[in-house]
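2 protein chains.
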Amino acid sequence: MPDAEKSKAIVLLSGGLDSATVLAVARQNFECHALSFDYGQRSLSEINAAKQLAELYTINHQVVRIDTGVMTGSALTDASIAVPDVVSEPEEVTGIPVTYVPARNTLFLSYALAVAEVMESKDIFIGINAVDYSGYPDCRPEFINAYEKMANLATKAGVEGNHLRIHTPLIDKSKAEIIKIGDGLGLDYSLTVSCYQANEQGEGCGNCDSCQLRQKGFEDAGIADPTRYF
Amino acid sequence: MPDAEKSKAIVLLSGGLDSATVLAVARQNFECHALSFDYGQRSLSEINAAKQLAELYTINHQVVRIDTGVMTGSALTDASIAVPDVVSEPEEVTGIPVTYVPARNTLFLSYALAVAEVMESKDIFIGINAVDYSGYPDCRPEFINAYEKMANLATKAGVEGNHLRIHTPLIDKSKAEIIKIGDGLGLDYSLTVSCYQANEQGEGCGNCDSCQLRQKGFEDAGIADPTRYF
Chain R
13 MPDAEKSKAI
23 VLLSGGLDSA
33 TVLAVARQNF
43 ECHALSFDYG
53 QRSLSEINAA
63 KQLAELYTIN
73 HQVVRIDTGV
83 MTGSALTDAS
93 IAVPDVVSEP
103 EEVTGIPVTY
113 VPARNTLFLS
123 YALAVAEVME
133 SKDIFIGINA
143 VDYSGYPDCR
153 PEFINAYEKM
163 ANLATKAGVE
173 GNHLRIHTPL
183 IDKSKAEIIK
193 IGDGLGLDYS
203 LTVSCYQANE
213 QGEGCGNCDS
223 CQLRQKGFED
233 AGIADPTRYF
Chain B
13 MPDAEKSKAI
23 VLLSGGLDSA
33 TVLAVARQNF
43 ECHALSFDYG
53 QRSLSEINAA
63 KQLAELYTIN
73 HQVVRIDTGV
83 MTGSALTDAS
93 IAVPDVVSEP
103 EEVTGIPVTY
113 VPARNTLFLS
123 YALAVAEVME
133 SKDIFIGINA
143 VDYSGYPDCR
153 PEFINAYEKM
163 ANLATKAGVE
173 GNHLRIHTPL
183 IDKSKAEIIK
193 IGDGLGLDYS
203 LTVSCYQANE
213 QGEGCGNCDS
223 CQLRQKGFED
233 AGIADPTRYF
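So the sequences go chain by chain: R and B. So for the first sequence, this note's numbering puts the first residue at 13; every next one is plus one. So for the second sequence, this note's numbering puts the first residue at 13; every next one is plus one.
Think of the hints as simulated: they come from the structure by calculation, not from any bench. Bear in mind that the values here come from a model prediction, so they are computed numbers and not experimental data. Fair warning: there could be bad hints in the mix.
Note: identical chains are not told apart, hence a pair may lie in one copy or across any two.
Stated by the list, open to error - No more than 25 Å apart at the CA atoms, straight line, and that leaves these computed lysine to any residue pairs for SDA-like:
no. : residue 1 : residue 2
1   : K168      : I183
2   : K168      : G147
3   : K168      : A142
4   : K168      : H179
5   : K161      : D184
6   : K63       : R77
7   : K185      : V171
8   : K161      : P181
9   : K168      : K185
10  : K185      : L165
11  : K168      : N117
12  : K161      : V143
13  : K168      : D50
14  : K161      : D135
15  : K168      : L225
16  : K185      : Q224
17  : K168      : V143
Using the sequences provided together with the hints, build the complete structure.
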């Protein structure tokens, strides 16, 4: 689609594999504005990866700082809780993982909603997927549907009849399928960071849940894994 | 109710007349944790009023700083848009007021949801009312109902069957009715600030929409107005 005909979309971009793929998908049909969050996560290398991706695609990139006092009680933000090393297979997930951050996607989407309203955009993209993270309540399609309904009642756009949409192009995809999509769009996955405890250079540990899901994804996709490990 | 039997509630406390009344109501049956937001609003005197109210009631008070780059395009946060002097009667409201802040209540409730989840509370109080502010899409009962549904799908509490509730005790009340409720609970309204452009001492202008609605409320309630004006 020619750039001049594209309407604006807000893309939640963490700098991880999933959100980078979503950006590669969204930019085909939308003029993208990327949003990243600094919420006291242990690893800031993800945000640096998001910056690099935004530069690569020459799109606007906004980093929103979220008051870190709010999000405690998760292994991703709280240094007193250990990040688990073992990979959780979806069928083994019985409870909610310790890496769950309270109301994270709700808060992220609500910021995206505010930005969308200011920028007169009615399209928000988020890279959640229900398959790999079945333990997180806010990664399920029923959550997204309920959020979209709420968003259309909350905003000017919704009230004025411009249906606001939350796009989740990865929601039913496996990690391997996601990687194939991005690979097909020429996305350089070596720029993305998935590790819960990546170092400043964006290198992963290779052991945490997230690293192992990523490795398995490349393996299953039959695509060479460009991830850098420390 | 004895304090030991009370469960925890999160109360959104701006320091205005409505939210102060909600706090007075909520503290009868809940152990309250008050949340205020510093989002680049022109007047910080509201937050100071919130602090004083929390001290008076000896409850926890948390001020969350919201990245101000997000919320532009409103007369309450943008110095280039004039705050209107004339009072908008509900029946005259045809569009959405310029004082509308993009997705404000959605964002505030989402922070409250994160805090509620961390504190294991399943009750959130917000002082919105549909009568006086009929021009704001995010002050309507249908918005709150949709938000509550979404919140129960988004969170641990909801998934585990602990129904999370958004309480709006003022939703169908007029300003006069609200004032009567607070007055009946012994609330000192001189501590509260409603003015869109209050000075540092918490004194109001007496001319803006919010000041005039407040004045009329005390008049209609037949209660002496303790508000301080500059």
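The hints, checked one at a time:
1. K168 <-> I183: between (27 Å within a copy, 20 Å between copies)
2. K168 <-> G147: For K168 and G147, the Cα distance is within 25 Å only across copies (10 Å; inside one copy 34 Å).
3. K168 <-> A142: Between copies only: 16 Å across, 30 Å inside.
4. K168 <-> H179: both (19 Å within a copy, 23 Å between copies)
5. K161 <-> D184: both (20 Å within a copy, 22 Å between copies)
6. K63 <-> R77: Both, since 15 Å and 23 Å are each at most 25 Å.
7. K185 <-> V171: The answer is between: 23 Å across copies meets 25 Å, while 32 Å in one copy does not.
8. K161 <-> P181: both (18 Å within a copy, 23 Å between copies)
9. K168 <-> K185: between (32 Å within a copy, 24 Å between copies)
10. K185 <-> L165: The answer is between: 21 Å across copies meets 25 Å, while 29 Å in one copy does not.
11. K168 <-> N117: both (22 Å within a copy, 13 Å between copies)
12. K161 <-> V143: both (23 Å within a copy, 23 Å between copies)
13. K168 <-> D50: So K168 and D50 pass the 25 Å test across copies only (23 Å; inside, 27 Å).
14. K161 <-> D135: both (13 Å within a copy, 22 Å between copies)
15. K168 <-> L225: between (40 Å within a copy, 23 Å between copies)
16. K185 <-> Q224: within (17 Å within a copy, 54 Å between copies)
17. K168 <-> V143: between (33 Å within a copy, 18 Å between copies)
Hint check: no violations occur; every hint is consistent with the structure.
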